[in-house]
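J.: Here are the chains, one letter per residue:
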Amino acid sequence: MIRTENLTRRYGQRTAVDRLTIEIAKGEIVGLLGPNGAGKTTTIRMLAGMIAPSSGTARVGEYDPAREPEAVHESLGLLTEAPGFYERLTAEQNLAYFARFYDRIDTAAAVERSLDRMGLLDRRRDRVASFSKGMKQRLALARVLVHNPQILLLDEPTAGLDPEAARDLRKLIIDLREEGRTILVSTHNLTEAEGLCQRIAVIQTRLIALDTPAALRDARSRSAVRVRLVRGNSGLVAALRELPFVENTEVTDGESLLIVAVEDIDRDRPRLVARIVELGGEILEVAEERRSLEEVYLDLVREDA
Amino acid sequence: MSGRRIRNVLRKEWLLMARSPSSLLFVAGIPLLLIGQALLLSWILPRFLGVDVPIASGMAEDLGSIERFRILLLDQFRFFVLLIPAMVANVFATLSIVEEKLTRTLEPLLATPVRTWELLLGKVLSGAIPAVAVAWASTGLFVLLAIGLGWGPLLRSVIDPSWHLSVFLLTPAISILSFVLGVIGSSRASDAKGAQNLAVVVVLPLFALIAVQVVGWVRFTPPLTLALSLGIAALDVLMLRLAVRLFARESILIRWR
Ligand SMILES: Nc1ncnc2c1ncn2[C@@H]1O[C@H](COP(=O)(O)OP(=O)(O)OP(=O)(O)O)[C@@H](O)[C@H]1O
Ligand SMILES: [Mg+2]
Numbered sequence: 001m002i003r004t005e006n007l008t009r010r011y012g013q014r015t016a017v018d019r020l021t022i023e024i025a026k027g028e029i030v031g032l033l034g035p036n037g038a039g040k041t042t043t044i045r046m047l048a049g050m051i052a053p054s055s056g057t058a059r060v061g062e063y064d065p066a067r068e069p070e071a072v073h074e075s076l077g078l079l080t081e082a083p084g085f086y087e088r089l090t091a092e093q094n095l096a097y098f099a100r101f102y103d104r105i106d107t108a109a110a111v112e113r114s115l116d117r118m119g120l121l122d123r124r125r126d127r128v129a130s131f132s133k134g135m136k137q138r139l140a141l142a143r144v145l146v147h148n149p150q151i152l153l154l155d156e157p158t159a160g161l162d163p164e165a166a167r168d169l170r171k172l173i174i175d176l177r178e179e180g181r182t183i184l185v186s187t188h189n190l191t192e193a194e195g196l197c198q199r200i201a202v203i204q205t206r207l208i209a210l211d212t213p214a215a216l217r218d219a220r221s222r223s224a225v226r227v228r229l230v231r232g233n234s235g236l237v238a239a240l241r242e243l244p245f246v247e248n249t250e251v252t253d254g255e256s257l258l259i260v261a262v263e264d265i266d267r268d269r270p271r272l273v274a275r276i277v278e279l280g281g282e283i284l285e286v287a288e289e290r291r292s293l294e295e296v297y298l299d300l301v302r303e304d305a
Numbered sequence: 306m307s308g309r310r311i312r313n314v315l316r317k318e319w320l321l322m323a324r325s326p327s328s329l330l331f332v333a334g335i336p337l338l339l340i341g342q343a344l345l346l347s348w349i350l351p352r353f354l355g356v357d358v359p360i361a362s363g364m365a366e367d368l369g370s371i372e373r374f375r376i377l378l379l380d381q382f383r384f385f386v387l388l389i390p391a392m393v394a395n396v397f398a399t400l401s402i403v404e405e406k407l408t409r410t411l412e413p414l415l416a417t418p419v420r421t422w423e424l425l426l427g428k429v430l431s432g433a434i435p436a437v438a439v440a441w442a443s444t445g446l447f448v449l450l451a452i453g454l455g456w457g458p459l460l461r462s463v464i465d466p467s468w469h470l471s472v473f474l475l476t477p478a479i480s481i482l483s484f485v486l487g488v489i490g491s492s493r494a495s496d497a498k499g500a501q502n503l504a505v506v507v508v509l510p511l512f513a514l515i516a517v518q519v520v521g522w523v524r525f526t527p528p529l530t531l532a533l534s535l536g537i538a539a540l541d542v543l544m545l546r547l548a549v550r551l552f553a554r555e556s557i558l559i560r561w562r
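Here the protein sequences come in this chain order: E and A. Quick note: the first sequence, position 94, residue 94 per the numbering used here, numbers continuous. Converting from the second sequence to the numbering used here requires adding 305 to each position, the first position being numbered 1.
Just so you know, the hints here were simulated from the structure itself, not pulled from any lab data. A couple of the hints might just be wrong.
What the hints assert, rightly or not - No farther apart than 25 Å at their CA atoms in a straight line, the calculated lysine-lysine pairs in the PhoX-like style are these:
#	chain 1	residue 1	chain 2	residue 2
1	E	171	E	136
2	E	133	E	171
3	E	136	A	406
4	E	136	E	26
5	A	406	A	498
6	A	498	E	133
Please model the complete structure; the sequences and the hints are all you need to start from.
T.: Set out below in structure tokens:
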């Protein structure tokens, strides 16, 4: 449904997006994850036919956004980084204005359906100036949906929303996915990407990783055992570092918390525990150390920089 | 379906105008000022200045010199009225794109299938139509007030074929030109001030127009008025095309962050 090949955009000397190749299947929801300035907005703008790539190609639905932007616009919903409304007009007037640029849609019905879906029907006659940030964001999503597009590009949909409003919006996006729409959503919120997306593309100018959240986490997670001792003991730590199956030992909390990376967690955990006891360590707790997606992400981004 | 899209732009612009009382006041204020000034001058000036005005063709032979001078002044109004669209455009057209940039509505707008020419023509007409309406209303009010002041007979010398051409052809053509220039200024400039400076260029030739015929270098005979109107109408089309070409969607988006 969406495909890019070596998509590149430069602003003067600076490369904002570098040879991005990515494919999104129909009905799939993919997260575009990256820190500030990673090129998320630039990528989305190229896909939406708002700016031209410096090199490389893209395909959205059946069209090339650089060559046939109007055809892409007919079937695409773009949630821009800033919501952007005519504040002196009502919610309904705003939506109707944008809706009437699409041929073949019944404006009044489309506007009502869209407002209803975003829970704004009772506020339709209110001026947008009186809306909260969360309501404006929902109205922006209503605008994206007004012509019922099957492909959605959402640029940081929950940016600046409070946790509850963000959660409501995420629910709406999940509903949209369940209706079979193809969605690319940019974010720098990891939990959000994990909760929403089937696959995550981590970008930092280039594509650094592209996989399901689970696979991303597994591929990067070392096997490690977390051991909490009653009290720290530097002799013990030195001895553990000598063990052949121990790859690395991190120490925190006054040497009472050890994160011991081993070759094979199932085989090595009992051996490690036995050795600690032998060395006179008093164990409070032993657990498998699982890395959060956030750590994986920070690692990826840091390694790349 | 371009008609529907252009009407859509018109409707939205007018809704926004209607919700901005201060700008409506401004639009109503200019014509009243112009009318007042024109009538006052026609009334006062001939009393103080003992000028003798040569009888122009079509002017009644038996009028005194005060009347003849008064006719000359009354005749100026059709040129003054051209300033209305120029000034209204300076405020509205220059804001139109700049405001879309500031409110961040331009990007979602350009993400719809709207064509650049539809958007720009809509913007131009949304200003030019009310400007022409105000110009015509002012002309009507001016004529009524002049009759009220007992100058009805004088008006017979003022309202000639060239006057009609001026009001019904030249005024709309100049209105459109003012707004096209305003929109060009608005899409190229980085702020409202810059856009207004660009749009001022339309006001200066108008003053020149008024000057050359006051001094008597040129008389706007019907053929000349017709030729001028058609020339400006052609210029309208050319400039609108230029505006569409100058409206670089991409750089407007990326220069405004
Ligand atoms: N209009 C522009 N002119 C010049 N450079 C730009 C422009 N837009 C973006 N850039 C540069 O391109 C890079 C990518 O920017 P982009 O806005 O795509 O990042 P982003 O991932 O959307 O960031 P954020 O999370 O802050 O929204 C940055 O280095 C930015 O400075
Ligand atoms: Mg961005």
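J.: If a hint holds in the structure, say so; if it does not, say that too.
T.: A quick look at each hint next to the structure:
1. E:171 to E:136: Between residue 171 (chain E) and residue 136 (chain E) the Cα gap is close to 17 Å, so the pair holds against 25 Å.
2. E:133 to E:171: 18 Å, holds
3. E:136 to A:406: 18 Å, holds
4. E:136 to E:26: 28 Å, violated
5. A:406 to A:498: 14 Å, holds
6. A:498 to E:133: 30 Å, violated
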